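Participant: One letter stands for each residue in the lines below.
Protein chains: 2
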Amino acid sequence: MGKGLPKRSEDYSQWYNELVKKADLAEHSAVRGCMVIKPYGFSIWEKMQAALDKMFKDTGHTNAYFPLFVPKSYLSKEADHVEGFAKECAVVTHYRLKNAEDGSGVVVDPDAKLEEELIVRPTSETVIWNTYKNWIQSYRDLPLLINQWANVVRWEMRTRLFLRTAEFLWQEGHTAHATKQEAIDETVQMLNVYAEFAEKHMAMPVYKGVKTESERFPGAIDTYCIEALMQDGKALQAGTSHFLGQNFARAFDVKFADKEGKLDLVWGTSWGVSTRLMGALIMAHSDDDGLVLPPKLAPIQVVIVPIFKNEEQLNAITEVVDKIQAELKALNISVKFDTRDTNSPGWKFAEYELKGVPVRMAIGPRDLENGTIEVARRDTKEKEVVAVDGVVKKVQDLLEDIQENIYKKALHYRESNTTKVDTYEEFKSVLDGKGGFVLAHWDGTPETEEKIKEETKATIRCIPVDAPEESGKCVYSGKPSGRRVLFARAY
Amino acid sequence: MGKGLPKRSEDYSQWYNELVKKADLAEHSAVRGCMVIKPYGFSIWEKMQAALDKMFKDTGHTNAYFPLFVPKSYLSKEADHVEGFAKECAVVTHYRLKNAEDGSGVVVDPDAKLEEELIVRPTSETVIWNTYKNWIQSYRDLPLLINQWANVVRWEMRTRLFLRTAEFLWQEGHTAHATKQEAIDETVQMLNVYAEFAEKHMAMPVYKGVKTESERFPGAIDTYCIEALMQDGKALQAGTSHFLGQNFARAFDVKFADKEGKLDLVWGTSWGVSTRLMGALIMAHSDDDGLVLPPKLAPIQVVIVPIFKNEEQLNAITEVVDKIQAELKALNISVKFDTRDTNSPGWKFAEYELKGVPVRMAIGPRDLENGTIEVARRDTKEKEVVAVDGVVKKVQDLLEDIQENIYKKALHYRESNTTKVDTYEEFKSVLDGKGGFVLAHWDGTPETEEKIKEETKATIRCIPVDAPEESGKCVYSGKPSGRRVLFARAY
Chain A
1 MGKGLPKRSE DYSQWYNELV KKADLAEHSA VRGCMVIKPY GFSIWEKMQA ALDKMFKDTG
61 HTNAYFPLFV PKSYLSKEAD HVEGFAKECA VVTHYRLKNA EDGSGVVVDP DAKLEEELIV
121 RPTSETVIWN TYKNWIQSYR DLPLLINQWA NVVRWEMRTR LFLRTAEFLW QEGHTAHATK
181 QEAIDETVQM LNVYAEFAEK HMAMPVYKGV KTESERFPGA IDTYCIEALM QDGKALQAGT
241 SHFLGQNFAR AFDVKFADKE GKLDLVWGTS WGVSTRLMGA LIMAHSDDDG LVLPPKLAPI
301 QVVIVPIFKN EEQLNAITEV VDKIQAELKA LNISVKFDTR DTNSPGWKFA EYELKGVPVR
361 MAIGPRDLEN GTIEVARRDT KEKEVVAVDG VVKKVQDLLE DIQENIYKKA LHYRESNTTK
421 VDTYEEFKSV LDGKGGFVLA HWDGTPETEE KIKEETKATI RCIPVDAPEE SGKCVYSGKP
481 SGRRVLFARA Y
Chain B
1 MGKGLPKRSE DYSQWYNELV KKADLAEHSA VRGCMVIKPY GFSIWEKMQA ALDKMFKDTG
61 HTNAYFPLFV PKSYLSKEAD HVEGFAKECA VVTHYRLKNA EDGSGVVVDP DAKLEEELIV
121 RPTSETVIWN TYKNWIQSYR DLPLLINQWA NVVRWEMRTR LFLRTAEFLW QEGHTAHATK
181 QEAIDETVQM LNVYAEFAEK HMAMPVYKGV KTESERFPGA IDTYCIEALM QDGKALQAGT
241 SHFLGQNFAR AFDVKFADKE GKLDLVWGTS WGVSTRLMGA LIMAHSDDDG LVLPPKLAPI
301 QVVIVPIFKN EEQLNAITEV VDKIQAELKA LNISVKFDTR DTNSPGWKFA EYELKGVPVR
361 MAIGPRDLEN GTIEVARRDT KEKEVVAVDG VVKKVQDLLE DIQENIYKKA LHYRESNTTK
421 VDTYEEFKSV LDGKGGFVLA HWDGTPETEE KIKEETKATI RCIPVDAPEE SGKCVYSGKP
481 SGRRVLFARA Y
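Residue numbers (my numbering), protein chains in the order written: chain A, 1 to 491; chain B, 1 to 491.
Since the hints were made in silico from the structure, they are not lab data. These figures come from a predicted structure and were not determined experimentally. Just so you know, not all the hints are guaranteed correct.
If chains are identical, the list can't say which one is meant, so a pair holds when it fits in one copy or spans any two.
[Stated by the list, open to error] Below, in silico cross-link-like pairs of lysine-lysine (BS3-like), each with a Cα-Cα straight-line distance of 27 Å or less:
no., residue 1, residue 2
1, 394, 457
2, 133, 348
3, 453, 234
4, 394, 383
5, 255, 21
6, 479, 329
7, 336, 262
8, 408, 200
9, 329, 54
10, 255, 54
11, 262, 473
12, 113, 420
13, 451, 133
14, 7, 54
15, 394, 133
16, 383, 234
17, 77, 98
18, 348, 329
19, 87, 54
20, 180, 329
21, 309, 259
22, 393, 21
23, 57, 113
24, 57, 47
25, 457, 200
26, 7, 473
So here's chain A without its partners, still in its complex pose:
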């Protein structure tokens, strides 16, 4: 079957591109660098959004909405921030079109030039801190715990669906606090929320850590991240949480009066995950036959395919299936009964494999006689014929089991592909061999980091938050090091 997907082992990159298209997740639009998220893909993103949104609200955050446009001068207010974001951005310079004099269509009206150019937000720190300035006067106004679901634009020349596009969807949390410690706690809390989401919902194990200076968010004091491993041995940064210190408060003059009336700058954080998570989800679990979706994020959790030759048979099957469907729905399990007669059962099996539906059931005339139904799980492809009577409980258990099994499989893969090395030779040979994460000593200098990147294309993904102290020697420079850091080639 496989619906003509390339094999992962032959061309992982092409396998990914084809899978995204064939499973109806997304496609490139005619607008350079922008993607269209198709209904099936979007329904997975909606499930991610719902779960994350609940986690944000459970930790005390509320949603709000800030403008799409950032005045050019705002970007410049934080020195590192403008360095990081001015390079690739969409710039609005005019606010009107007019009919071309030669009748050839519409042209930009030169009389409608903006006094100050507007940047389509690449991220919203500047616009939001400029607003917070008016919202925060006293310690009573703090903490401010706000999240925004939005689209952002970062001009990209080389794009890949979900992984790197000019426009993408994300959420960005922006919080303001009275003390440094509170802001750090918030940063770490949201890192943990992301890690929990990745592991519990996406069934994707992640390493939590801190970025080195060179990989830090422009304008942050510290960037925390979660890093996942894809099946081709490359790492993917799946979410970041930034401790901003007082940088943006200073840039936008956001001060608060404490209980004693003393004025001080506010402490800030920001944190975000994006539709990039869709790319991570696809690459973490799927196989040569198509998507493998964790049940918690699958738009259709169960599909039932009837096997019939005529309407009479279909009616008899439908009677049994209606009852099963009703019971599954009562348990909040989403189920689809595909009765189309335009496609064969075999075609449907392949189709739902491609779409990653976790559980597939098939039922035909012989099953009706025996009171049975066939149940197949997408992750292991195991099939089993079970009694119709117990099938609802069976499916319920199976969904839980699949969620757990996918996670364990990914965890096992990651564990087998995280390698401690002590020499640069070993470092390079692991990267060129099985790939994956490499735990190695590093001397802590940006120079060494850069050299290693140049020579091996591996970057420091993070300094793991739980890395034990261990004295050793930098694999590159031989200089002393206090702990191992996590290297990988990455998306």
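Put chain B on the given structure of chain A with help from the hints.
Facilitator: Frame of chain A; chain B shown alone:
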């Protein structure tokens, strides 16, 4: 009380502006024409979104996401469409900034000029039909029933929060069908969905009708709309549903093969409501003391204010309130217990009146002795002391009653302010007097429509879908007319 709001009778417009700000719904941002939707306002919008999204899904639609940018040439492909939307739009001309040579900040990099300008979407018909072209080959691909939640930009010089802003949030449905009738049915279905949402959730009665040619969506064959009446006697268009005919299919060459293999152009619809509904909601029900929210859209449905002098009293009150809160939450009623000692009960009463919380309870030491609690409803301001034992049922009934009462009040207001007139004198005197909707005969010509608009500022809001045939004479020209149409001054 009233938190210093202007009275509606004195300055309706100022009352609205102040209310939006003081109730923490939204504010103008420093970015010209764009608003910030604050957490409290956004949580009302989220409730609207959730209810609408469910209605869309229940009628077979799925969500997807299309690019923010529209290439300039796309806009030109449908002649009326470009006329309607090219005038006020945000134009992206460059994709990079660079450091100014004089060190003064960043400037647009002239080397990074786009070959073709991109328009920030004012609406997405063109981008979506350009995509549908690839999605539709055969009748089997139809109908295509897709919705998108998105931000859009229409450059506006004179803005008002929620009612008219350069950027706003909305949903836009875009469907494609094999037959004309199916597309018309879809257009009408979505009009009915909007009307049901307005009446059942917003508690806001609406007239359903068809726009005249001059008020039609640029590119549509017919525009259906719902029109609501605000408390100042002005109408507000609250949602539109467009029958596009084959216009966009023709512009983007979207054809399908029918069962016999014959190629034909696809039929289309589009329909949308926006954050403008927030403005309608506020103006339809609120009073001089603040917001009046229908319980179905209130972020906080019940607030409980303890009246206490010391911690001991608060503890005793809390014990009783905890039980009430738990029971209310079990019924999915959102409740807030405001135990702050930094503000007096009186201050809190005014605050929650301002915020439109439908039910307020207050409980003090004397209530504890008597086993009672005070229950006040926001809409009528009636207060009642009831037994704690029955209060949960009481609140549940009250919420339903408030939802219904607000609707009835608005309906009564609208009925009293919809006037049939037969002469132009009457027409003008009603408009200048009590205002509201005026049902009058019109000769069906754009010339008369335009004259009436010039002379009275009243526009034809719609030709009501249920307007009975009735022969009469146009109030302006005296020419024959077959039915009355609905006039009003409008937002």
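Participant: Check each numbered hint from earlier against the structure, then list the numbers of those it violates in ascending order.
Facilitator: Failing hints, ascending: 1, 6, 7, 10, 11, 12, 13, 14, 15, 16, 19, 20, 22, 23, 25 and 26.
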